[in-house]
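Sequences listed follow chains Z and R, in order.
Quick note, the working numbering runs 12 ahead of the 1-based positions in the first sequence.
Quick note, the working numbering runs 12 ahead of the 1-based positions in the second sequence.
By construction, these hints were calculated from the structure, which means they are not laboratory data.
Note that the structure is a prediction, hence the values are computed from the model and not measured.
Treat each hint with caution, since some may be false.
Same chains, same names: a pair is fine if it fits in one copy or spans any two.
[To be verified] Calculated pairs, DMTMM-like style, for lysine to aspartate or glutamate (alpha carbon to alpha carbon, straight line, at most 25 Å):
{"#": "1", "residue 1": "Lys216", "residue 2": "Glu31"}
{"#": "2", "residue 1": "Lys91", "residue 2": "Glu193"}
{"#": "3", "residue 1": "Lys247", "residue 2": "Glu101"}
{"#": "4", "residue 1": "Lys215", "residue 2": "Glu62"}
{"#": "5", "residue 1": "Lys106", "residue 2": "Glu194"}
{"#": "6", "residue 1": "Lys294", "residue 2": "Glu15"}
{"#": "7", "residue 1": "Lys34", "residue 2": "Asp146"}
{"#": "8", "residue 1": "Lys215", "residue 2": "Glu31"}
{"#": "9", "residue 1": "Lys212", "residue 2": "Glu131"}
{"#": "10", "residue 1": "Lys215", "residue 2": "Glu101"}
{"#": "11", "residue 1": "Lys216", "residue 2": "Asp38"}
{"#": "12", "residue 1": "Lys212", "residue 2": "Glu31"}
{"#": "13", "residue 1": "Lys215", "residue 2": "Asp263"}
{"#": "14", "residue 1": "Lys216", "residue 2": "Glu53"}
{"#": "15", "residue 1": "Lys262", "residue 2": "Glu194"}
2 protein chains.
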Amino acid sequence: MSEFRHNLITNEWVVVATERAKRPSDFVGSKTPKTIPEYSESCPFCPGNEQHTPPALYRYPAEGDWNIRVVPNKFAALKPTDSLERVQEGRYLKFGGFGYADVIIEAPLHNQTLGTLSEDNVLHVMKAYKARYDSLSADERVDLVTIFRNHGVRAGTSLEHPHSQIIATPLVPLRVRAQLEETQRYSANLGSCVFCDIMKEEKKDGRRLVLETDYFVAFEPYASRSPFETWILPKRHQSVFGAIHLNELKDMAHSVRTILGKMHRGLNNPDYNLILQSAPTKEEDVDYYHWYIRIIPRLTTPAGFEMGTGIYITTAYPEETADFLRKVKN
Amino acid sequence: MSEFRHNLITNEWVVVATERAKRPSDFVGSKTPKTIPEYSESCPFCPGNEQHTPPALYRYPAEGDWNIRVVPNKFAALKPTDSLERVQEGRYLKFGGFGYADVIIEAPLHNQTLGTLSEDNVLHVMKAYKARYDSLSADERVDLVTIFRNHGVRAGTSLEHPHSQIIATPLVPLRVRAQLEETQRYSANLGSCVFCDIMKEEKKDGRRLVLETDYFVAFEPYASRSPFETWILPKRHQSVFGAIHLNELKDMAHSVRTILGKMHRGLNNPDYNLILQSAPTKEEDVDYYHWYIRIIPRLTTPAGFEMGTGIYITTAYPEETADFLRKVKN
Numbered sequence: 013m014s015e016f017r018h019n020l021i022t023n024e025w026v027v028v029a030t031e032r033a034k035r036p037s038d039f040v041g042s043k044t045p046k047t048i049p050e051y052s053e054s055c056p057f058c059p060g061n062e063q064h065t066p067p068a069l070y071r072y073p074a075e076g077d078w079n080i081r082v083v084p085n086k087f088a089a090l091k092p093t094d095s096l097e098r099v100q101e102g103r104y105l106k107f108g109g110f111g112y113a114d115v116i117i118e119a120p121l122h123n124q125t126l127g128t129l130s131e132d133n134v135l136h137v138m139k140a141y142k143a144r145y146d147s148l149s150a151d152e153r154v155d156l157v158t159i160f161r162n163h164g165v166r167a168g169t170s171l172e173h174p175h176s177q178i179i180a181t182p183l184v185p186l187r188v189r190a191q192l193e194e195t196q197r198y199s200a201n202l203g204s205c206v207f208c209d210i211m212k213e214e215k216k217d218g219r220r221l222v223l224e225t226d227y228f229v230a231f232e233p234y235a236s237r238s239p240f241e242t243w244i245l246p247k248r249h250q251s252v253f254g255a256i257h258l259n260e261l262k263d264m265a266h267s268v269r270t271i272l273g274k275m276h277r278g279l280n281n282p283d284y285n286l287i288l289q290s291a292p293t294k295e296e297d298v299d300y301y302h303w304y305i306r307i308i309p310r311l312t313t314p315a316g317f318e319m320g321t322g323i324y325i326t327t328a329y330p331e332e333t334a335d336f337l338r339k340v341k342n
Numbered sequence: 013m014s015e016f017r018h019n020l021i022t023n024e025w026v027v028v029a030t031e032r033a034k035r036p037s038d039f040v041g042s043k044t045p046k047t048i049p050e051y052s053e054s055c056p057f058c059p060g061n062e063q064h065t066p067p068a069l070y071r072y073p074a075e076g077d078w079n080i081r082v083v084p085n086k087f088a089a090l091k092p093t094d095s096l097e098r099v100q101e102g103r104y105l106k107f108g109g110f111g112y113a114d115v116i117i118e119a120p121l122h123n124q125t126l127g128t129l130s131e132d133n134v135l136h137v138m139k140a141y142k143a144r145y146d147s148l149s150a151d152e153r154v155d156l157v158t159i160f161r162n163h164g165v166r167a168g169t170s171l172e173h174p175h176s177q178i179i180a181t182p183l184v185p186l187r188v189r190a191q192l193e194e195t196q197r198y199s200a201n202l203g204s205c206v207f208c209d210i211m212k213e214e215k216k217d218g219r220r221l222v223l224e225t226d227y228f229v230a231f232e233p234y235a236s237r238s239p240f241e242t243w244i245l246p247k248r249h250q251s252v253f254g255a256i257h258l259n260e261l262k263d264m265a266h267s268v269r270t271i272l273g274k275m276h277r278g279l280n281n282p283d284y285n286l287i288l289q290s291a292p293t294k295e296e297d298v299d300y301y302h303w304y305i306r307i308i309p310r311l312t313t314p315a316g317f318e319m320g321t322g323i324y325i326t327t328a329y330p331e332e333t334a335d336f337l338r339k340v341k342n
């Protein structure tokens, strides 16, 4: 029997479809891994090709050979020079493509990913996230800073070199606003943060838990939209990513690297999206929202039903995918 | 300069990104079309293999060789036997996978699609949609009937044989409810149906218009989420698909076939999703909602930013893709 499961954060339902249910091991990629070179002459992100990207906004270390470089996206969808003034076009509204689009080049080596880099290297990526989050959120015109990572063609990227992206937008989109409303309603009714409550539940239940560290918890959500969806949450309540402390950042690097490493080894380097969902920059201290990381391996394809209704049909139980990931060696 | 454009139906913004803008012709598929046979012995939908699907719920003609068959999905995500009773599991809610999942086999020929079948054949598919819509919406437990079509692997199907699907759900999902709220607010403020107003705008402006018939209008929406997204709307105000008249159904078949045919020929048989968005079955006569068809060619891949914010970045102007489609011969 299939079942509908309710997502407390979004107030959306998913269907876990047992008629076509698969074992977690059915999702292990069968493709022979392509041998990717450490260096690619034509890659704009490889060392020596710095002239193919705009000048760095941030780098680590500050001097000498770089390990991390943050540059404006050369093909930025948004730029800080466009106008915010709304213009009526017939019955419709538009305004200039104002915003920021950064690229975080995560390592000099062309053939690494966040799951295979050293923990120290991943920590420096997280520090770059934090530095750019702080810098972008300081612009009064920015309402939301979204950090994300697209890995592989199915996840929407064709650039192999390890990189993340940050886009800062001058509005809070409906999807984020809807989550804020749901979580605020929960908090008004139950007097607590829904994310904090979910962490309590997952730790108590244990079946969907993948990792617990001093400061972070990682688990497969009860109402997973797709197989192996994984959330990583900071234990301490904080609504925006900018509120993270340095000791938490180290733990975050460990958690992200561990989860992505488990996926890399256990599922044979799947394509995935990683999204850091944070409250809007001007709602940086609210008691009902809690920033978190969503990792969504692109193992299935959302189709017409998902697009039309927002109800995702998944073919794997999060209890089983969590068990699978727990057993993959760190 | 990129621009944000506002979607009046969903209250969401999209970004038309000019830095990476492409010409409509850049989206023409380059793959050599696979030669697909008229008949495939292993296809459960081909004539002679009827024993591999459950018995037909509807067929046309009623006797003799069938041209259209509607069967329950053998691997249905939802079944009308499951329980609707909500069950608390820890802090979460779940209930049985109640619902209906039909498959509409659109023709006996294995290698056709809705864009290449005869207009008469497409009309019989639309009649099957209508018959099943009426039948499923008559069940008091059903709140929403979603008709959709997934064409090609990138659109989430691996079955080549031409088919559509219908899923009836015992709830109105948040995404649909949100559209109803937005359109109701528009109606309360402006005293008219937003879809009717959009049709007026598109006919007046003309740049995004692709097709107009006696009863339907097809155009590329102002805030297209992705290149070549196309909407087909009935001119007469009707909130649910079940309200369509027979003469309109003929025109609908013509419009759907023309648009899909233009895409098939102009873009070299792209993968796409078609979704018929209708009001909930119990809101069958509201003045603020208007059913419509969305066709979304899967030419680009939504990535982390889209998943995290709901803001879609598109790389083509709907004014240009409409012009391209208008020029493809019918």
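field: Homo-oligomer pair classification [Glu53, Lys216; C-alpha up to 25 Å]
entry: neither (51 Å within a copy, 52 Å between copies)
query: Are the CA atoms of Lys212 and Glu131 at most 25 Å apart within a copy, between copies, both, or neither?
result: neither (27 Å within a copy, 58 Å between copies)
query: Using 25 Å as the alpha-carbon threshold, which applies to Lys215 and Glu101: within, between, both, or neither?
result: between (52 Å within a copy, 14 Å between copies)
message: At most 25 Å between CA atoms: does that hold for Lys212 and Glu31 within a copy, between copies, both, or neither?
response: Answer is neither: 31 Å inside a copy and 46 Å across each miss the 25 Å cutoff.
task: Go through the copies and call it for Lys247 and Glu101: within, between, both or neither, with a Cα cutoff of 25 Å.
output: between (46 Å within a copy, 22 Å between copies)
message: If the cut is 25 Å between Cα atoms, do Lys215 and Glu62 qualify within a copy, between copies, both or neither?
response: Neither: 46 Å inside a copy, 49 Å across copies.
field: Up to 25 Å CA-CA - Glu15 versus Lys294, copy category
entry: between (38 Å within a copy, 23 Å between copies)
Intra/inter-copy verdict for Lys34 and Asp146 if alpha-carbon distance must be at most 25 Å: neither (42 Å within a copy, 34 Å between copies)
message: My question is about Lys215 and Glu31: at a cut-off of 25 Å on alpha-carbon distance, are they close within one copy, between copies, both, or neither?
response: Classified as neither: same-chain Cα gap 29 Å, cross-chain 46 Å, threshold 25 Å.
task: Check Lys91 against Glu193 for me: Cα-Cα at most 25 Å, and say if that holds within a copy, between copies, both or neither.
output: neither (29 Å within a copy, 32 Å between copies)
- prompt: With identical chains treated as interchangeable, where does the CA-CA distance between Lys216 and Asp38 reach 25 Å or less: within a copy, between copies, both, or neither?
  reply: neither (28 Å within a copy, 53 Å between copies)
message: As a check of your reading, is Lys262 near Glu194 (CA-CA no more than 25 Å) within one copy, between copies, both or neither?
response: neither (31 Å within a copy, 43 Å between copies)
The structure is inconsistent with the numbered hints 1, 2, 4, 7, 8, 9, 11, 12, 14 and 15, although it conforms to all the rest.
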